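Number of protein chains: 2
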Amino acid sequence: MVYELYYWPTIQGRGEFVRLALEEAGAAYKDVARQKNGMPPTMASIDPSKEEHPSFAPPVLRAGELLIGQTANILLYLGRKHGLAPRAEAGWLWAHQLQLTIADVVNEAHDTHHPVSTNLYYEDQKKEAKKRARDFTAERIPKYLGYFEQVLQNNPGRGGFMVGSRLSHVDLSLFQLIEGLRYAFPKAMARLEPGWPGLVALRDKVERRPNIAAYLKSKRRIPFNEEGIFRRYPELED
Amino acid sequence: MVYELYYWPTIQGRGEFVRLALEEAGAAYKDVARQKNGMPPTMASIDPSKEEHPSFAPPVLRAGELLIGQTANILLYLGRKHGLAPRAEAGWLWAHQLQLTIADVVNEAHDTHHPVSTNLYYEDQKKEAKKRARDFTAERIPKYLGYFEQVLQNNPGRGGFMVGSRLSHVDLSLFQLIEGLRYAFPKAMARLEPGWPGLVALRDKVERRPNIAAYLKSKRRIPFNEEGIFRRYPELED
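First to last, the protein sequences are chains H and W. Per this note's numbering, residue 4 is the first one in the first sequence, and the count goes up by one each step. Per this note's numbering, residue 4 is the first one in the second sequence, and the count goes up by one each step.
None of these hints come from the bench; they were simulated from the model. Every value quoted in this text rests on a predicted model; they were computed, and no experiment measured them. You may find that some hints are simply not true.
Only part of the chain H face toward chain W is listed, based on derived beta-carbon distances under 10 Å [unchecked claim]:
hint, residue
1, Leu-96
2, Leu-103
3, Asp-107
4, Leu-123
5, Tyr-124
6, Ile-144
7, Asp-207
8, Ile-215
Calculated Cβ distances over 10 Å to all of chain W for the following chain H residues [unchecked claim]:
hint, residue
9, Ile-71
10, Gln-179
11, Pro-189
12, Phe-227
Calculated lysine-lysine pairs in the BS3-like style (CA-CA distance at most 27 Å, straight line) [to be verified]:
hint, chain 1, residue 1, chain 2, residue 2
13, W, Lys-133, H, Lys-133
14, W, Lys-129, H, Lys-133
15, W, Lys-134, H, Lys-133
16, W, Lys-129, H, Lys-146
17, H, Lys-129, W, Lys-146
18, W, Lys-208, W, Lys-190
19, H, Lys-190, H, Lys-133
20, W, Lys-133, H, Lys-134
21, H, Lys-84, W, Lys-190
22, W, Lys-134, H, Lys-134
Beta carbons are placed, not taken as given, at the ideal position from N, Cα and C, and that holds for glycine.
The following block holds chain H by itself, in its conformation from the complex:
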């Protein structure tokens, strides 16, 4: 089976968390909107007149007869299927809980440049964005990443992973979260990272996974840009 991923073709965005899991798993997939003449993701996966289980928003993964939406839900599915989560329910629920907490940070990162409305341009909510970004870097990043560092330190499993003794989708997503936060808030991250030695080591380890390393060097990895979730607006760090 070849998976079909429906996501915006020009950004990493939330789709990137799914791409990383597919790449690590070595799964065959089409990034549909990036194919020649590929349809935009909304057309193909969200139209309720065409699908019984339409999604509210991309990313969406087609897996045979299944059409699965919500980033964390897609990772829950892929994690169980490709050994990127523990087999026992207690384990995959725990991994999923952490993934949902990552999704919360990602939402908050998005809202630093869109605190008022996703329907307005950043330029039209810049003043509010500055306030929200200041709170995000001063309060929220330390609270969330400090939590993840603590979870990692508490994990009795070997290998420096978040869950048990094997790589899971949580590790892949934390790699992406740290990459995104470094891109968007380089000053804050440079200041904060010494407090999270475990997470930084985990990030480096994920980057060296053969499939991930190959992916990051490939054209399939879209560079960060100011259309995605993690955006570099230097004025938000002033």
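Based on the hints, put chain W in the right spot on chain H.
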């Protein structure tokens, strides 16, 4: 086994989605912080020095040896265990996807009164709150609830439920979402609800479930107030 729910004792908040599922299931549970001399939820369930799987924030459910955080994750667990979701993976994944989309609306509802920071009082972000609330009622509520109405209309199952032909945690949470939005934004909801006949009928049906009806009449149901997620600030509808 008696479940233990850790959540703030004076608000419905995110914990209410869990309470409704426990009540509908007729499950025995302690709402720990509401017991005599009950500990605040943070003390008991989030302290990483005491728990291997601490949560970032409440609600948290203790189920025997499991400690489960993230509202939607708790409902995923309870849904599978108490027949509040389909048994087959395709079904419970779909129910969970809808639950995660409800969680997204709930987050956005929260941010109407806290668009800048959860660490500031509402009064200190009132101006931004007005802007965000205007966007939420004009754009986001119609988009989300219109989506849920469409899903309900598309569902080939009988009975007017969201997933298949039986009540699921999704129906319970949509009841709570509509109640919350009616409380917070009565004018917008009065204007919009005629567009969602299926959802309104579903809300009424949930309210009449014997266990839910008994719960809503009991003291266990905390009234809405301005400390929770859904808050009535009339100026946000002006």
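Hint compliance check: list the failing hint numbers for this structure, sorted ascending. 5, 6, 7, 8, 9, 21
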